[in-house]
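Asks: Once you have looked at the hints, place chain U on chain B.
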Amino acid sequence: MAGAIIENMSTKKLCIVGGILLIFQVIAFLVGGLIAPSPTTAVPYVSVKCIDVRKNHHKTKWLIPWGPNQCEKIRDLDEAMSRQIEANDIVFAVHIPLPTKEMSPWFQFILVILQLDIAFKKNNEIKENAEITLDVSLAYRDDLFSEWKEMAHAVETRKLKCTFASPKTKEHEGRHYDCDVLPFMEIGTVAHKFYLINIRLPVNERKLINVGIGEIRDVRLVGIHQNGGFTKVWFAMKTFLTPSIFIIMVWYWRRITMMTRAPVLLEKVIFALGISMTFINIPVEWFSIGFDWTWMLLFGDIRQGIFYAMLLSFWIIFCGEHMMDQNERNRLSGYWKQVGPIAVGAFCLFIFDMCERGVQLKNPFYSIWTTDVGTELAMAFIIVAGICLCLYFLFLCFMVFQVFRNISGKQSSLPAMSKARRLHYEGLIFRFKFLMLITLACAAMTIIFFIVSQVTEGHWKWGDFEVQVNSAFFTGIYGMWNLYVFALMFLYAPSHKNYGEDQSNGDVGVSSGEALQLTTTITHVDGPTEVYKLSRKEAQE
Amino acid sequence: YLAKLSSVGSISEEETCEKLKGLIQRQVQMCKRNLEVMDSVRRGAQLAIEECQYQFRNRRWNCSTLDTLPVFGKVVTQGTREAAFVYAISSAGVAFAVTRACSSGELEKCGCDRTVHGVSPQGKWRGQWPGASHNIAYGVAFSQSFVDVRERSKGASSSRALMNLHNNEAGRKAILSNMRVECKCHGVSGSCEVKTCWKAMPPFRKVGNVLKEKFDGATEVEQRKVGSTKVLVPKNSQFKPHTDEDLVYLDSSPDFCDHDLKNGVLGTSGRHCNKTSKAIDGCELMCCGRGFHTEEVEVVERCSCKFHWCCFVKCKQCHRVVEMHTCR
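In order, the protein sequences belong to chains B and U. The first sequence begins at 1 in our numbering and counts up one residue at a time. The second sequence begins at 1 in our numbering and counts up one residue at a time.
Derived from the structure by calculation, the hints contain no laboratory data. A virtual CB, placed ideally from N, CA and C, is assigned to each residue, including glycine. You may find that some hints are simply not true.
What the hints assert, rightly or not - What follows is a set of in silico ranges between Cβ atoms, one per label pair, in the way DEER data are often shown:
no.	chain 1	residue 1	chain 2	residue 2	range
1	U	Arg160	B	Val452	40 to 50 Å
2	B	Thr163	U	Lys306	22 to 32 Å
3	U	Cys183	B	Arg331	38 to 48 Å
4	B	Asp117	U	Lys235	36 to 46 Å
5	U	Val231	B	Glu128	48 to 58 Å
6	U	Lys235	B	Ser166	31 to 41 Å
7	B	Glu128	U	Arg160	51 to 61 Å
8	U	Val181	B	Ala443	27 to 37 Å
9	B	Lys207	U	Val181	35 to 45 Å
10	U	Ser64	B	Arg75	17 to 27 Å
11	B	Lys168	U	Ser277	12 to 22 Å
12	U	Arg320	B	Gln454	47 to 57 Å
What the hints assert, rightly or not - Here are a few chain U residues that face chain B, going by a calculated C-beta distance under 7 Å:
no.	residue
13	His186
14	Arg205
15	His308
16	Trp309
If we strip away everything but chain B, and leave its shape as in the complex, we get (with noise of 0.2 Å):
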């Protein structure tokens, strides 16, 4: 009962396990690329601007741009100027959705972006470091009848970034500056049916708020949700996900209960990644179409964040459980140089994600980036991650290149060996090198993945042949990583087999000697380890 599997499987059996692999990875891409839709949709809204007549505006009350009791509109501000009416007055309203459609649970979440039409004034310029600050209100309603019922309401501020491409004269009085979008809400369910906007931007000069903020000309909004279509196949995906990393991990944990001695820590790393690996895969989703869960989208960041970090600690343990020096590992304490970066890092993007999207949670109308205190605060965490990051690979680099160096040290005194051990040996050595290769082929292919679906548009089409690029990255990637754990776990349990069987043709005497030695070493693919034990018990002979 020594070795883990990949060191006793044939390579014939190898490479149907890889085959099968790669056909469920194709799947995984296909599914993504042909059945699913693209994974979000964002929907242009342009805002109504309506009178608020009331005298004072203390009284609650919704001003709806279209449909039924819809408020009085003006076409545009200089029918405002025209009319008298005060910019306090003025309200852009804009309903969620469009006419005639309504919002599901599907959608996952929406997340609204601002756009400001400023147009340029020769005596009405925006301001250097210019703020806009908004009064905004949400509401919600589940019928087309029913009052609106208020959500959330805020005082925000936003911070206008805005260039003219051409020169400040008064020849080009009237064209828009272009600013940059300015994030305006998020909010993490999608639990209501129709969804109410109302903006204020109040104008008080005393306290120079929205003073010097130049022209405002239209507001409007674009609304990001995920595709309902694309939901469906996600929440597929996971459903059937979950059962098979699920059952080869109770597989793999019995394998190494079954053994006689205490589980090393590379195969305890490899259980957590597994366990890791299920717990994103859980489709606790579901819930969020029955449920108003606001917290999803904080909860799945944080799953997501265990599993990379569970990933690379991986990595790193994995490398260093193969070093054929004679310091004694097999101790998490071991690794705390290289695990710390990976801690801290991990530790700085929880707080930032908590810091955004938790308060976000209080308020969907927050964002970090509005304010300076909160832009250098956000830019730390990320900054400190990044250094965190950087840290990471370059001990893992070394670590890679000591491993290399050291198997290539003994690759040259595998000659002395006798003819079957050698044979053995140089395949466990392949195999060690294989993995590391796929390792670096599944990150490559995410890395390429990542660019491609970056630089191209979402889709690409061949008549009336249309694939997601997007959408078949998203599957496709996350199809890859859970296959890859899946793998781990399949290769790396204990192997069934004893080396005495398998080299029954070899020097009887010595293999199970070998045996012997062997079960007091540490398993798995150990085997540079094995070929040094080896060659100093030889040379002790």
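Replies: Relative to chain B, chain U alone:
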């Protein structure tokens, strides 16, 4: 004809459709079927006229409208450069206004209308909402069927019809090829792992600027038969052929110097001009060599103003004496 729509109050009943002057029978039918859209068509026409007048404010022909029909005078009924611009900006204006109305929720049946071609139900079976590009597709398709139907009903064989169709399309292309792509990242912790992009319409001023450039570089064309179809080819074969986005014209323009009501030319007498400029807004060219009056006028200007983002301006009044030049 289109511009005439802009003067009508609001179009809310079917009868108004028939009272509208300048529409052909097919357009009246479309008007009745798409009442809610007609208001946007009217706004589009207004937008087009305003933009036209802005772009041509310094030229001899300044896009001024007449109360008669056709509103721009005969200049536009002939196949001139100016006509090319007017057709292009009008069809762009309609597409622009309809698209906007779609986004603000004013039009209920954006995209559901079967009479408007070119809107495919693509992506429906995948459970996906029509996204940002959908509204513009609807706006353009509506402009195509409403504006172009005039020429098509005449039979698209005359050179004028071909020219108008081409320029209408060029106007819409001016919007389509100037769409801005905007993106937003919203992955884990706001990373670009998940990115959504959409196309945003350019401001109409930008469309006007593009078309004005096309106006300056417009190609003079003539009709020729290629195979069984008639096409427009550049008159001067040395020029490279025009693209879909270029404006084309058949006849050269008059000089617009003299008042000629029969042809709807107002002439330049009484127009202000710029004494120092050597360009078309300069007094030399603008007044067609007839000379100009100069008078000193005291203008009351607003200065050191305090603005709000909307509707409120508090200014001091400054008096200033300026020289004003007016064409004879």
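Asks: Quick check on a hinted range of 35 to 45 Å for Lys207 of chain B and Val181 of chain U, using CB atoms only.
Replies: With Cβ atoms ~38 Å apart, the hint holds.
Asks: Can you let me know if the beta-carbon spacing of Glu128 of chain B and Arg160 of chain U is within 51 to 61 Å?
Replies: 54 Å, holds
Asks: Holds or violated: is there a CB of chain B closer than 7 Å to the CB of His308 of chain U?
Replies: 5 Å, holds
Asks: Given a hint of 22 to 32 Å, does the C-beta separation of Thr163 of chain B and Lys306 of chain U actually sit inside it?
Replies: Since the Cβ atoms of Thr163 of chain B and Lys306 of chain U sit about 24 Å apart, the hinted range of 22 to 32 Å holds.
Asks: Close enough to count: is the Cβ of Arg205 of chain U nearer than 7 Å to one in chain B?
Replies: Holds: closest Cβ of chain B sits about 5 Å from Arg205 of chain U, inside 7 Å.
Asks: So does Arg160 of chain U sit 40 to 50 Å from Val452 of chain B, Cβ to Cβ?
Replies: Distance hint for Arg160 of chain U, Val452 of chain B holds at roughly 49 Å.
Asks: For the hint 12 to 22 Å, verify it against the beta carbon of Lys168 of chain B and that of Ser277 of chain U.
Replies: 20 Å, holds
Asks: Let's test the interface hint: is any C-beta of chain B closer than 7 Å to that of Trp309 of chain U?
Replies: Where the cut-off is 7 Å and the nearest Cβ of chain B is about 4 Å from Trp309 of chain U, the hint holds.
Asks: Regarding the hint that His186 of chain U lies at the interface with chain B, is the smallest CB-CB distance below 7 Å?
Replies: 5 Å, holds
Asks: Against the range 36 to 46 Å, how does the distance between the Cβ atoms of Asp117 of chain B and Lys235 of chain U compare: consistent or not?
Replies: Roughly 41 Å apart at Cβ, these two residues keep to the hinted range, so it holds.
Asks: Within 48 to 58 Å or not, the Cβ separation of Val231 of chain U and Glu128 of chain B?
Replies: Holds: the Cβ-Cβ distance is about 55 Å, inside 48 to 58 Å.
Asks: Does the hinted range 27 to 37 Å hold for Val181 of chain U and Ala443 of chain B at CB?
Replies: 29 Å, holds
Hint compliance for this structure: every hint is met.
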